[in-house]
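Chain A is already provided as a structure; the job is to place chain B on it using the hints.
2 protein chains.
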Amino acid sequence: MFPFLRDAGEDAPLESQPKLKAHAVTVFVMACESATQLRKTGDVKVREATLRRLGATHVRAGVADAHFEVVKTALLDTIEGAVPEMWTPEMKAAWEEAYDQLAAAIKEEMKFAAAAVTSSEAAKKKHCFI
Amino acid sequence: MFPFLRDAGEDAPLESQPKLKAHAVTVFVMACESATQLRKTGDVKVREATLRRLGATHVRAGVADAHFEVVKTALLDTIEGAVPEMWTPEMKAAWEEAYDQLAAAIKEEMKFAAAAVTSSEAAKKKHCFI
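Line by line, the protein sequences are chains A and B.
Those letters in the first sequence? Residues 1 to 130, by full-length UniProt numbering.
Those letters in the second sequence? Residues 1 to 130, by full-length UniProt numbering.
For reference, chain A alone in the conformation it holds in the complex:
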């Protein structure tokens, strides 16, 4: 399902997928920062340069909406498993909202990145073939 895991083989155990683990830690930290911002300011802000890079890398990796849902479930399940006695509906809701807002910002940026790729490809075609 995840093109960036193709090297390792999708059926390989998590332990042998360093890219997936690195991605998981990044999701974790960014969702945590987003949750903190949300509870403090009521809004999620991601630095412009970071968001632009995230938009571009997610477009390049062929990420679709369904992938965001899979990662969200994995994130929530991991947190619940790590601190089962702390896990409350409020805590789940806070992490969900943080993740959803972060995912929405990345998806929005992906539209711009995809449009930029398309127009750049069109420009290349124009240059080469017309």
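Keep in mind that the hints are not guaranteed to be accurate.
Since the list gives no way to pick one copy over another, a pair counts as held whenever it fits inside one copy or between any two copies.
[As the list claims (entries may be wrong)] Result set (SDA-like, lysine to any residue): computed pairs, CA atoms no more than 25 Å apart in a straight line:
(1) Lys92 - Lys107
(2) Lys92 - Val117
(3) Lys107 - Met86
(4) Lys72 - Ala93
Note that these hints are calculated values from the structure, not bench results.
All values derive from a computational prediction rather than experimental measurement.
Using the frame of chain A, we list chain B on its own:
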């Protein structure tokens, strides 16, 4: 260094130490929750039952102050590696403060847990040998 890793062997790669990985995720989530609380209320609160369990398990595992420092460094390095472009002195300070307050609460609880173990052992000895 970590007694709870003795089964896996201390030189085994991280990938083959599921207990260390599970512990890392728990530290992550608890430090994140602490950071959120700190930024929101200026204080770190851990549920009484959770803290009691953490105190007891850390005493049983023979955890010393140096272990807290090792885990702190690992946590900060992992976060920095996951989001290098977001890593600022402010972010580092926020995570450090969250971790330090959490560690202080666990260390304090460990004193009570250790005292309880000692008095329970003394009681057993008294019961058995006098």
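Taking the hints in turn, this is what the structure says about them:
1. With identical chains, the CA atoms of Lys92 and Lys107 are at most 25 Å apart within one copy only, with a shortest distance of 22 Å there and 28 Å across copies.
2. When the C-alpha separation of Lys92 and Val117 is checked against a cutoff of 25 Å, the pair qualifies neither within a copy, at 36 Å, nor between copies, at 35 Å.
3. For the homomeric pair Lys107 and Met86, the shortest alpha-carbon distance between copies (19 Å) is at most 25 Å, but the shortest distance inside one copy (30 Å) is not.
4. With identical chains, the CA atoms of Lys72 and Ala93 are at most 25 Å apart within one copy only, with a shortest distance of 12 Å there and 28 Å across copies.
Hint compliance for this structure: hint 2 alone is broken.
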